[in-house]
Amino acid sequence: MTIFTRGFSGRGRDNNPDLPPGQYLTEDFPVLSAGPTPEIATEDWQFTISTETKRYSWTWEQFMALPIEEVGTDIHCVTRWSKLGTSWRGVSLDTLFADVDTSYEFTMAHSYGGYTTNVPLEDLLDGKAWIAFEFDGEPLHPEHGGPARLLVPHLYFWKSAKWVRGLEMLPQDEPGFWEQNGYHMYGDPWQEERYW
Amino acid sequence: MGTVESTSTLTPSGRSITVSLPGWPGNIAGQHVDVRLTAPDGYQAVRSYSIASVGPAELVELAVDKLPTGEVSPYLVDDVQPGDMLELRGPLGGWFVWKPEQTGPVQLIAGGSGVVPLVSMVRSHTASGSDAPFRMLYSVRTPDDVFYREELAGSGVQVDYVYTRAVPAGWPTGPGRLTKDRLAASVFPVSETPAFFVCGPTAFVEAVATWLVELGYPAETIKTERFGG
Ligand SMILES: Cc1cc2nc3c(=O)[nH]c(=O)nc-3n(C[C@H](O)[C@H](O)[C@H](O)COP(=O)(O)OP(=O)(O)OC[C@H]3O[C@@H](n4cnc5c(N)ncnc54)[C@H](O)[C@@H]3O)c2cc1C
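Quick note, the sequences are listed as chains X and Z, same order.
Counting in the numbering used here, the first sequence runs from 28 upward without gaps.
Counting in the numbering used here, the second sequence runs from 102 upward without gaps.
Keep in mind that a hint or two might mislead.
[Claimed, not checked] Just so you have them, the derived chain X footprint on chain Z, three or more residues with Cβ under 8 angstroms:
{"#": "1", "region": "119 to 126"}
{"#": "2", "region": "204 to 217"}
{"#": "3", "region": "230 to 243"}
{"#": "4", "region": "250 to 257"}
{"#": "5", "region": "309 to 317"}
[Unchecked claim] Far from chain Z, by Cβ distances over 10 angstroms, these chain X residues were calculated:
{"#": "6", "residue": "W85"}
{"#": "7", "residue": "F133"}
{"#": "8", "residue": "E165"}
[Said to hold, decoys possible] Each computed SDA-like pair below joins lysine to any residue, with the alpha-carbon atoms no more than 20 angstroms apart:
{"#": "9", "chain 1": "Z", "residue 1": "K324", "chain 2": "X", "residue 2": "Y51"}
{"#": "10", "chain 1": "Z", "residue 1": "K324", "chain 2": "X", "residue 2": "Q207"}
{"#": "11", "chain 1": "Z", "residue 1": "K281", "chain 2": "Z", "residue 2": "S292"}
{"#": "12", "chain 1": "Z", "residue 1": "K324", "chain 2": "X", "residue 2": "Y142"}
{"#": "13", "chain 1": "Z", "residue 1": "K167", "chain 2": "X", "residue 2": "Y51"}
{"#": "14", "chain 1": "Z", "residue 1": "K324", "chain 2": "X", "residue 2": "P169"}
{"#": "15", "chain 1": "Z", "residue 1": "K324", "chain 2": "X", "residue 2": "R116"}
In short, the hints are calculated from the structure, not lab data.
Positions of the beta carbon are idealized from the N, C-alpha and C atoms, including for glycine.
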C-alpha cells in the first residue's frame with residue numbers, strides 16, 4: 028500500500044530508463060568513504076591477486092604496460108545518486124585473471140586504508156569490471172579512489188573499492204567492511220539491494 | 102511508517118521533527134534513517150537523515166537543515182506538520198556509531214547539520230553516565246545557525262565553535278573557515294589517542310580528515326560521515 032505524503036509534490040521527475048529505482052541524477056561526483064582519504068604514491072603501489080596456491084602481483088609500471096581499455100558506463104551509489112555516461116580508463120579484470128588459476132568462486136577486494144568488499148568472481152569477468160586509474164581524462168583523484176580503484180559498474184558503487192590493492196580468492200562468500208556494517212552482500216541497483 | 106508527533110524550530114533554516122514509530126527497535130548513537138516521501142502521482146524521493154535521539158524509545162527525533170534549492174529538506178523544514186505520516190526506514194549504519202562501552206576519549210567534529218549524529222552521541226554519553234572524555238568542535242555559519250546550543254552547553258561536554266560567516270559580539274576573531282592550526286588547537290592531543298567522529302558536508306569532512314592524518318592521528322581512529330554537497 029502506498030501512503031502519499033501530504034503536501035509533497037516533488038521536483039525532479041527523472042523518468043529516465045537508465046536510472047535504477049530510487050536513484051536520482053547528479054552532475055557532481057559525491058564521495059562515500061568511512062575514513063580519511065589515503066595518499067598512495069604510484070611508486071609504492073602494487074596490485075595482487077592471491078589464490079589458494081599462488082600470489083600474482085603487478086607494480087604500477089607493469090600494470091601500465093597491460094592493455095588499457097576505455098570504459099563508458101553509468102554508476103549508481105547506494106546513497107541514491109547516479110551518474111550516467113561516465114568515462115574511465117583502466118585494465119580489464121579479464122586481462123589480470125588471464126593466467127590466474129583458481130577454483131574459488133568468490134573474491135574479497137582489499138584496499139589501502141584497510142577497507143574490504145566482497146564480489147563474486149563471475150561479476151568481475153567477461154568485460155564487467157576493471158581496475159580504473161583515469162576518470163574523465165584525468166588521473167583518478169585520491170578522493171575518488173586514486174591512484175586506482177576497482178570499477179564494477181553493474182553493482183552499487185561501494186563495490187567499486189577505492190584505493191584497491193588486491194583481490195583475495197575465497198572458497199565462499201564473506202562480508203566485507205560495508206557489508207558487515209549493514210550493506211547488502213551483493214548490491215544489485217536494479218533490485219535495490221541496498222541494505223540487509 | 103510513523104506519525105509526526107511534534108516539530109520545533111532550531112534555527113532560521115533548521116527544524117527538528119519527532120516521529121512516533123510504533124515497533125521501532127531503538128537505535129544507537131550515530132545511526133540514520135532513510136526518509137521516503139511520495140507525491141500524489143507516485144513519484145518518490147528518499148534522503149538519509151541522522152537520528153538525533155538515542156535509545157529504545159519509539160519516538161525518533163530528526164533535525165534537518167534546509168538547502169534552499171533542495172527537494173526534500175525544504176519540505177521537512179517548512180511543510181511537515183504534527184499528524185502527518187512519514188515513511189522512515191532504519192535504523193541504518195553500523196560504523197559511524199558510539200556505544201557507551203567505549204571508554205576512551207572521543208573528539209566530535211561537526212560541520213553544519215553534521216552535528217546531528219554527534220548530538221545523539223552526546224545524549225548517549227549523558228544518558229549512560231559514561232566517564233569517557235568528550236569534546237566537540239563545531240563549525241557553523243553564524244551563531245544563529247547552531248543546532249541544540251543550550252542542550253550542548255548543559256551537557257558538560259566542552260564545545261569549541263568556529264563561525265564561518267558571522268561571529269557573536271566580542272568574539273576574539275573574525276569569521277572564517279576552520280584551519281589546520283585551529284583544528285590542532287581545539288582537539289584532544291595525539292597522546293590521548295582520541296577516537297574521532299567527523300561529520301558534515303563532503304568538502305569539510307575531507308579537509309578535516311586529511312589534516313588530522315597530517316597532524317599524526319592514526320587514520321583508523323578517524324570515522325567520517327559525508328552528508329553530500
Ligand atoms: C548518512 C547521512 C545522514 C544525513 N543526516 C542529515 C541530517 O541529520 N540533517 C540534515 O539536514 N541533512 C542530513 N543529511 C543530508 C540529507 O540527506 C540531504 O542530502 C539534504 O537534506 C539535502 O536534500 P534535498 O533533497 O533538500 O536536496 P537535493 O535536492 O538532494 O540537493 C540539492 C543540491 O544541494 C546539494 N546538496 C545535497 N546535500 C547537500 C548538503 N548536505 N550540503 C550542501 N549541499 C548539498 C546537491 O548536490 C544538490 O545540488 C544526511 C546525509 C547522509 C548521507
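Hints breached by this structure: 1, 2, 3, 4, 9 and 15
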